[in-house]
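Asks: Here is how the chains run, residue by residue.
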Amino acid sequence: MNYVIKELLRHLWRTMASITGYIIATLFILLVLSVTRTIEKDSFGILKGTGTHFIVYIPSDASCCVSCDSEGASTGGSLFAEGVFTLMLNSDLITSIKKMDGVKDAAPYLLYKLYDEKYKTEISLGGIDTSSVATRNNVCAATNIITGKFLSDKPDEIVAEEAFANAHSLSVGDTLNIYGGRLIVAGIINSGIKPGKADLYAPIENVRTILKDKLKCISPGFDMNIVLVEVTDARIQKRVIDQMKKEMNYLSVSSYNCYEPAGQVMTIIEKTSGVLTIMIFLFLIIFSTKTQLTSLMERSREIGILKSLGWSNFRLSCQILLTSLIQSFIGVTIGCLLGGLIILFMNSNNIRLFDTVKFQFQFSSIPVLIILSLTGGIIASIFPIIKLYRKKAGDMINNYL
Amino acid sequence: MSEYLIECISLSKQYIRNKQIVRAVDDVDLSISRNEMVILKGRTGAGKSTLLNLMCGLIKPTHGKVMIDNNCISELSDNAFSKLLLNRIGIIFQSFNLLPTYSVYENIEIAIVPKGLKPGMFENNIMSFLEQFDLKDKAHLLPSELSLGQQQKVAIIRTLIKQPSIIFADEPTGSLDDETAGEIIEHLLNIKKEKQVTLVIATHGNILEKFADEVYIIENGGIKK
Chain A
1 MNYVIKELLR
11 HLWRTMASIT
21 GYIIATLFIL
31 LVLSVTRTIE
41 KDSFGILKGT
51 GTHFIVYIPS
61 DASCCVSCDS
71 EGASTGGSLF
81 AEGVFTLMLN
91 SDLITSIKKM
101 DGVKDAAPYL
111 LYKLYDEKYK
121 TEISLGGIDT
131 SSVATRNNVC
141 AATNIITGKF
151 LSDKPDEIVA
161 EEAFANAHSL
171 SVGDTLNIYG
181 GRLIVAGIIN
191 SGIKPGKADL
201 YAPIENVRTI
211 LKDKLKCISP
221 GFDMNIVLVE
231 VTDARIQKRV
241 IDQMKKEMNY
251 LSVSSYNCYE
261 PAGQVMTIIE
271 KTSGVLTIMI
281 FLFLIIFSTK
291 TQLTSLMERS
301 REIGILKSLG
311 WSNFRLSCQI
321 LLTSLIQSFI
331 GVTIGCLLGG
341 LIILFMNSNN
351 IRLFDTVKFQ
361 FQFSSIPVLI
371 ILSLTGGIIA
381 SIFPIIKLYR
391 KKAGDMINNY
401 L
Chain B
1 MSEYLIECIS
11 LSKQYIRNKQ
21 IVRAVDDVDL
31 SISRNEMVIL
41 KGRTGAGKST
51 LLNLMCGLIK
61 PTHGKVMIDN
71 NCISELSDNA
81 FSKLLLNRIG
91 IIFQSFNLLP
101 TYSVYENIEI
111 AIVPKGLKPG
121 MFENNIMSFL
131 EQFDLKDKAH
141 LLPSELSLGQ
151 QQKVAIIRTL
161 IKQPSIIFAD
171 EPTGSLDDET
181 AGEIIEHLLN
191 IKKEKQVTLV
201 IATHGNILEK
211 FADEVYIIEN
221 GGIKK
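For the protein sequence lines, the chains are A and B, in the order given. The C-terminal position of the first sequence is numbered 401 in the working numbering, with every residue numbered one higher than the one before it. The C-terminal position of the second sequence is numbered 225 in the working numbering, with every residue numbered one higher than the one before it.
Honestly, the hints are just simulated from the structure, not real lab data. All values derive from a computational prediction rather than experimental measurement. Note that CB positions come from ideal geometry on N, CA and C, so glycine has one too. Each hint should be verified, as a subset may be incorrect.
[As the list claims (entries may be wrong)] Simulated coverage check for chain A against chain B, where a stretch passes if three residues somewhere in it have a Cβ under 8 angstroms from a Cβ of chain B:
1) 306-312
2) 381-395
[Unchecked claim] Mimicking DSSO-like on lysine-lysine, the simulated pairs with C-alpha atoms at most 27 angstroms apart in a straight line are:
3) B:Lys-118 <-> A:Lys-6
4) B:Lys-41 <-> A:Lys-392
5) A:Lys-113 <-> A:Lys-214
6) B:Lys-19 <-> A:Lys-392
7) B:Lys-83 <-> A:Lys-387
8) B:Lys-60 <-> A:Lys-392
9) A:Lys-197 <-> A:Lys-214
10) A:Lys-387 <-> A:Lys-290
11) A:Lys-6 <-> B:Lys-115
12) A:Lys-6 <-> B:Lys-138
13) A:Lys-392 <-> B:Lys-115
14) A:Lys-271 <-> A:Lys-41
15) A:Lys-271 <-> A:Lys-238
16) A:Lys-6 <-> A:Lys-392
17) B:Lys-60 <-> A:Lys-387
18) A:Lys-387 <-> B:Lys-115
19) A:Lys-238 <-> A:Lys-99
20) B:Lys-60 <-> A:Lys-6
21) A:Lys-197 <-> A:Lys-212
22) B:Lys-195 <-> B:Lys-138
23) B:Lys-225 <-> B:Lys-83
24) A:Lys-358 <-> A:Lys-271
25) B:Lys-136 <-> A:Lys-392
26) B:Lys-41 <-> B:Lys-136
27) A:Lys-387 <-> B:Lys-19
28) B:Lys-41 <-> B:Lys-192
29) B:Lys-192 <-> B:Lys-83
30) B:Lys-65 <-> A:Lys-387
31) B:Lys-138 <-> A:Lys-392
[As the list claims (entries may be wrong)] Pulled from the structure, derived: some chain B residues nowhere near chain A, Cβ distances all over 12 angstroms:
32) Glu-109
33) Ala-111
34) Met-121
35) Asn-125
36) Gln-150
37) Arg-158
38) Ala-181
39) Lys-195
40) Asn-220
The task is simple: from the sequences and hints, build the whole structure.
Replies: Okay, here's the thing in structure tokens:
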């Protein structure tokens, strides 16, 4: 050890050059990782929420509410989903779906449409659970509000889809005399393309109250006609749907297949990130090996002299290994510190890649970098050590042959 | 069992230079007894340094073998060969082969570091050698700060500090002036006399001949008495 440290200090420029190599490699990896992780995190955040939702229901050949109407006469309304009549569902289904592997959340949804004489059209009303993420991605969310406010606990408040509001010249605060009551437009919303889209939305409890006279089939336990489902990751959506179809084959599933491209993009990003890390690691090893080999060539005569004095190959190998490890450790330590400072500087000055990608110091990458660097140091020593064992002292001193 | 300490049997070393085979050492048979002083004499390029390097195992022969104490040195394990070099063989190089970034003291010290001795145990020994060779005040200097004669003395101390029983010396006086060469020769003769070592010296000059037990002439890689 003493000799190794003396050796490192004696050839200070060579040592510094070697350490600088590790610093540059570490910095490079750290910065690339900080960017790729940010890109991965940001894009995954978006892609993970893309196509992670679907709805399930039981289709019916007749309007439930027509057949269920106590008077036996049609009320003109019906429970529906994706253009077909549906049956009411038992709320136990929510519990069963939530328990399935890969399901992040499941929420009840009550979607009803009724022909309105005044507006001369069918007006759909969706009863939602505003707290569920499954509702957010399948129906609408507070973030979709354009004007006004989102739903509150007030029993007569609704939000209207922008297209419906425009078609009927509705604005916030207007009163609608529909569904046998007075409903006040609290906000206008544009939920985009969603499988559970309706014209008007209200909290599910309120909708149950509004529809209690129309839906005689609403009873404790049967108070929804759609289950909104959110899965944890777009890449597993197909598996969850398949499993659901297998276990609950009476259900119909409607999903926008955007989970497929989203899943593919996520896989590509993940693989690219992995390949990039491997490539950088290989670069580090090649660089370290070259540094160690150069060092061995420079020290060849010196090592030959030591061999001629009786220094064993094992002792010299240990020194090469230790030298390489010390250099790589110092390099990776300084590299990490420097990388941290550079990222800190960039962030405090709001410097971003392409003005969008933020550099994020990955603390979790430090042990990985240390291990990579030390592994690089070990691998880098292998070739010089093989060379050391293969060459005789005289050849090393005189450059024989 | 051979009575000789060192034996070279059909020893050859060939290498390729400019696409031509050079027979640096060609089928040499040589036997050296204990405590002998043997001179390998020849012109520059005759092959004496290569023969010396082959005898102490620093290079690998193309053919033949070298026996030391009835052991073929090319068949020894790495560890055993290192121990042989560490404990029994001392080599004095023509170009001294001192480590340029090490002080005089450190250059001597590295010869005994592998023996695993504690620093205090060899410090007195090194200083006593330096005193004996008039280099006590040069201990902290780098080789480049010494004269050629002083560098050669350091190389000899580095060899002697290991207390070897065989010393191979390649042109030990080759690059020295007459006065310094005489001094070095005196040291070598004293070593042979006091320490009972076997000396194998390669030289192109005549100065050492009169002290030798055997003188061999090396010519075109071959050997004759």
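Asks: If any of the earlier hints don't hold here, list their numbers in rising order.
Replies: 20, 23, 25, 26, 31, 32, 33 and 37
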